[in-house]
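Each chain, written out:
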Amino acid sequence: MKLDNGNARRVGVISDIHGNLEALEAVLTSFAEARVDRIFCCGDVVGYGASPNECIELLRRREIPTVLGNHDAAVLNDDELVFFNEMARDAALWTRGVLTEESRRWLSSLPMTISRYGSLFVHASPTDPAEWNYVLTYGEARRAFKAIEEPLCFLGHSHQPFFITLRFGEIDHIREDVMTLGENTSHLVNVGSVGQPRDRDPRASSVIWDLAQGTITLNRVEYDVARAQQKIRMISGHATLAERLARGE
Amino acid sequence: MPEIVVKLGNKVVDTHTLFQECIRIGRGRDNDIVIDHLSVSRRHAEIHYDHGHWLVADLDSANGTFVNGQRVTTVPLYHADTITVGKMHLHFFDTPMEQDDQMICDSAEERTMVLSECSDPRGCLTVVKGKQRGKEFILDGERTMIGRSPECDIQLSDWRVAKTHAHVLRRGPRFLIEDLGTWGAIHVNGAPVKETMLREGDLIQIGGTRMTFRLLPSGVRSVPVGSLPLPQADKETVESDDGRGYRLAVSTAADLIKESPPVAEEGEAVLQSWDDPALDEALGSEGDSQELIPAEIAEPADGNGNSDADSTDAEIDHDAGEAAEGVNPEVAMWLQALESERPALRRHAARQLEKLTGVRYET
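Note that the protein sequences, when read in sequence, are chains V and W. Using our numbering, the first residue of the first sequence is number 5, and each one after it goes up by one. Using our numbering, the first residue of the second sequence is number 7, and each one after it goes up by one.
Fair warning: there could be bad hints in the mix.
Said to hold, decoys possible - Pairwise CB distance ranges (calculated): (1) V:E226 <-> W:T170: 33 to 41 Å; (2) V:E180 <-> W:P198: 27 to 35 Å; (3) W:C28 <-> V:L97: 45 to 53 Å; (4) V:T184 <-> W:R128: 31 to 39 Å.
Hints were generated in silico from the structure; no laboratory data involved. We treat Cβ as the ideally placed atom computed from N, Cα and C, and that holds for glycine.
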């Protein structure tokens with residue numbers, strides 16, 4: 005599959021950082037080691053974690069194109085809070101309180117989707133990005149494919165990474181850590197979560213798209229979970245938010 | 007992917023998976039399916055994909071191309087159609103669509119096992135109908151592949167069986183059979199199934215081969231981390247008063263435990279095994295007369311209203327902290343998910359619960 009790649013050779017894609025600075029820094033270090041030259045972010049920079057401003061600052065300074073996630077939206081807008089459970093709502097309200105004006109302005113500037121290098125970056129299902137629907141089932145994946153024109157779409161939201169392809173009407177779940185991009189094929193990539201993985205692997209999740217090789221590789225990195233937990237415990241009464249990081253749940 | 011099985015009379019000559027957009031059939035060597043038979047033209051027919059359909063087209067062959075006995079020029083193909091070129095029959099098997107509500111990520115599959123040094127449960131499949139009648143296959147791995155391919159652990163010589171047709175996964179003390187969605191459903195006790203827990207005496211049909219399942223006696227049983235082992239009850243669903251079918255019949259579970267007590271070395275920790283206090287509590291102290299798990303399993307323990315699941319995060323929040331004390335958090339989590347507004351999630355939760363507890367839930 006040939007895509008217009010500009011000058012980039014390796015693209016790193018992150019999502020669902022959720023204010024976890026320790027995890028974000030570890031992923032960015034791994035990207036540097038893998039000689040990633042462009043980075044995109046599929047949203048949910050804040051919420052749950054203890055370092056929303058620091059995470060935003062890092063993305064801002066490195067000019068990482070980022071789309072809006074539902075937790076980012078909830079910090080800006082009360083309407084979005086309606087759909088949140090108690091824990092997520094408390095986290096969003098805390099984040100709202102500590103967010104600097106600069107951070108808030110940056111979040112407000114985020115688009116719903118970014119189209120670059122012939123691929124689409126979106127937080128939730130591309131069927132209607134502002135509805136924040138999950139892509140958890142094959143039926144939802146099929147509907148997502150219908151909504152995209154690009155042969156490749158990166159998303160997050162569910163915190164569970166996957167590679168799904170559509171070829172000649174057939175959906176296929178690639179159960180490998182590397183997916184080779186194919187001709188006549190559409191690809192849906194959930195990059196997983198940097199700051200709060202929920203696939204029972206506590207390592208921070210992201211992907212690296214090698215444009216020359218035409219491959220996308222799942223990138224799992226260990227980070228200082230204990231420190232991220234300690235910081236969450238200091239700001240939140242929800243012990244689960246800290247505990248789940250160690251379990252990857 | 008659809009598959010073409012080429013047969014001459016009853017003999018399978020070739021099988022071909024439709025990986026590309028167009029395949030050519032003919033006597034000439036440059037065809038994708040070469041049929042070296044004088045009744046077949048050099049370039050006889052082609053099968054191609056167009057706008058969501060597989061089509062077969064005759065390429066002005068001398069003897070014509072037939073689909074289900076009718077001579078055709080170009081027609082769409084459907085599952086189990088028979089294409090006839092010359093004396094050859096080509097059977098077209100289309101892959102059934104994946105289930106719309108089937109979950110992409112099943113993290114339960116990743117569960118690790120404890121007590122790996124103990125002998126694991128083993129099962130046995132005995133062929134009772136088909137070419138390999140009388141043959142016994144032992145299920146002793148985490149995953150046993152069943153199919154026509156020589157790479158499979160259980161190789162069935164049956165052309166109606168796909169190369170990799172199904173697998174049997176060990177789920178703690180039990181075995182789960184799952185159709186790999188190639189073609190031709192698997193039947194358990196006469197009903198087509200996508201996946202099901204196997205029970206003693208189950209009759210499994212794959213293609214034309216029929217097998218019975220039985221558990222082989224073994225020593226200590228290992229249990230998945232974090233799972234509450236509630237073996238199969240006699241009755242699959244016990245209707246509770248509210249008609250939701252949430253509660254579990256466990257009257258036979260205690261019997262099963264008595265049958266196979268854990269054999270651990272003295273002083274060795276049998277983590278989460280059959281003598282897990284959590285299990286005892288769930289079964290009642292003696293596990294004899296108690297038929298229903300206390301109702302709090304069916305309800306969120308904290309009662310803080312988390313069960314009126316919001317459509318955003320609560321549905322996949324695995325909050326072990328909300329589990330009732332003594333109840334497996336995963337069971338509690340899926341029970342809560344049964345209340346979700348999302349039908350797909352409810353169905354998935356029911357499947358997960360069945361895997362974990364062996365009891366079928368209504369959604």
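Which numbered hints does this structure break?
Hint 3 alone not satisfied by this model.
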